[in-house]
Amino acid sequence: MIKFLIKRLLEFIPVLLIISFIVFTLVFVAGDPVALLLPEDASQEDIENLREALGLDRPFIVQYGTYLSGLLQGDFGKSFRYNSDALPIVLERLPATIELALSAMVVAIIIAIPMGVWSASKRNSFVDLFATGGSVLGKAMPNFWLGIMLILLFSVTLGWLPVSGRGSWMHLILPAITLGTGIAAEMTRLIRSSMLEILSQDYIRTAKSKGLRKFLVIYKHAFRNSLIPVITITALQTSTLVGGALVTETVFSWPGLGQLLIQAINTRDMAIVQASVFVIAILVILMNLIADLLYRVLDPRIKYN
Amino acid sequence: MSESNVVLNVQQLHTSFKTNSGYVQSVKDVSFQVQKGETLAIVGESGSGKSVTALSIMGLIEKPGVIEKGKIELEQVDLTKINDKEYRKLRGNDIAMIFQEPLTSLNPLFTIGNQIAEAIKLHQGLDTKQAKVNVIELLKRVGIPRAEKVYYSYPHTLSGGMRQRVMIAMALSCKPKLLIADEPTTALDVTIQAQILELMKKLKDENNTAIILITHDLGVVAEMADSVAVMYAGQIVEFADVFTIFADPKHPYTQGLLNSTPKFYEKNEVLQSIKGTVPTSNSMPIGCRFNPRCPYVTQKCLNENPSLKKLDSGRQVRCWLVEEEGETLV
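Protein chains in written order, with full-length UniProt numbering: chain A, 1 to 305; chain B, 1 to 330.
Careful, some of the hints might be misleading.
[Claimed, not checked] No farther apart than 16 angstroms at their CA atoms in a straight line, the calculated lysine to aspartate or glutamate pairs in the EDC-like style are these:
(1) A:K214 / B:E62
(2) A:K214 / B:E68
(3) B:K121 / B:D94
(4) A:K220 / A:D202
(5) A:K122 / B:E62
(6) B:K18 / B:E68
(7) A:K214 / B:D84
Hints in this document: simulated from the structure, not taken from any laboratory.
These numbers were taken from a predicted model, which means no experiment stands behind them.
Given only the sequences and the hints, what does the whole structure look like? Please build it.
Structure, rendered in structure tokens:
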């Protein structure tokens, strides 16, 4: 297993290199931040001077080389806006985003597992119709709209929950539901179809022929088998989750990475953008690694080699 | 044999499946009895209703399937009348089943020990430790070497033959009165087939278990069966003891099946086949269901379905050609 982990971690290196290149290139072509840093009436000479001071006048490949060598030392550049190193600012915001993403996952799991399993075991019943219809609805509702509707209902009209910000667990409820609904919808469909396939397997018939209760047949013999594709695909969707987090954080003024990233994009704070995207990319890669480890734990047929 | 020796008594079983074009009958008018220690072979081509009959007995017919009518009595208890909870107590305990595909019939995520112990713990109320002792004993009985190690193994680490032994151990774990084996050797290679059949015979003799053996392999029938029910298109077309079936098949379908089997003493003989295929449940021919494929078809066969007639020495045949000879059963 250690060998497997080392191998997987080594595989990260080229992936991260490619990501660094893409991120750098995108920011490079996105435009010159100098115009935003200087007052509107700045002279051409001032602009040139600042460009030179920031190294922005050098060729692309040189700038990338400088950027890369900085990365290797953990230096993601300086934020123009905060006037300090970009990485600590990004990492400071990270826990809030992870908190939101994990809570959304919990919401999704709590909704999706019973719904998916139930609808598969009662195929074509009212429950199934409700779950399938509900998941289409859940998927179709945009995050920002759902967030606003939830704020209007629970915060403005009923006054039960805070409108925005981060602090108590009360603050977490609405953003977690907002972000979790879409994932729950996707997961419900996945679990349903995976369960339907598993329920027609021979070993399910064997389990029934032993005289086991339906509950045991479904949750012991079928559900665990159905989880393998669900985990893989859910892990692959981490990037969708992060994307959703950006929107949700903005709607709820949640002080996370997403909010920071959007502000940074608006102000062309390149270093923050680059550091954020890089951190998000590492998150996605780590989630996939965790999924890999998880389904190896679940399925004895999958070996570490 | 006396009535009290009857383990299973199936009468007039009709099993249907609901489709878009209405109900189609997969099994029609099937009746037979199995005595203690007897092996009844049900033979027929794919689609003849053998497995549906077996699953009906196990109570494992799932929607859209339904047992329309008939009796399935296990030691005088009519299984079509009991509720799901009562059925579960019998399944794996009094009636057990071995399936065709040992490779896919075991759950890949649980150890062999876990899967066999499950039924023992459920029906005999043993704890994990006691169940483990029983499981290892069972594994040894079915001829699995290093049983203690196999207890903790996962199915994918075992060969097909070993897995079928595990399935047999599982089926026999609660000493069932009736064992249904649905093509237990079809997926195995020939040498392993012989070993598995030998094992089933041995275990049957030890426990006096009644066996229903579903197969399309007449070699297996000759090896194992005491009596034989030949099924065609959802109906029993001939029923007799194994010697009578092989020596003097009456139904043209049984004759066809026997003629299409290679014989040891007839070298270089061209094998015969039965022309055509089994009709599907929703396109049954009018009259005798075998008439499109029967070499002796008459006008009567095209119009009327023959009933199952009881002839001398208890054999039963569903054919107009032997109609005059016996009394009508069904």
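Hint check:
Proximity of K214 (chain A) to E62 (chain B) is assessed by CA-CA distance (about 13 angstroms); at most 16 angstroms being required, the pair is judged to hold. Taking the CA atoms of K214 (chain A) and E68 (chain B), the gap is about 23 angstroms. The hint is violated against a cut of 16 angstroms. Proximity of K121 (chain B) to D94 (chain B) is assessed by CA-CA distance (about 15 angstroms); at most 16 angstroms being required, the pair is judged to hold. The straight-line distance between the Cα atoms of K220 (chain A) and D202 (chain A) is roughly 15 angstroms, inside the 16 angstroms bound, and the hint therefore holds.
With a C-alpha separation of about 12 angstroms, the suggested pair K122 (chain A) and E62 (chain B) falls inside the 16 angstroms cut-off, and the hint holds. Restraint check for K18 (chain B) and E68 (chain B): the C-alpha separation of about 11 angstroms stays at or below 16 angstroms, so the hint holds. For the given pair, K214 (chain A) sits about 10 angstroms from D84 (chain B) by alpha-carbon distance, which is consistent with the 16 angstroms threshold.
This entry does not satisfy hint 2, going by the numbered hints stated previously; all others are met.
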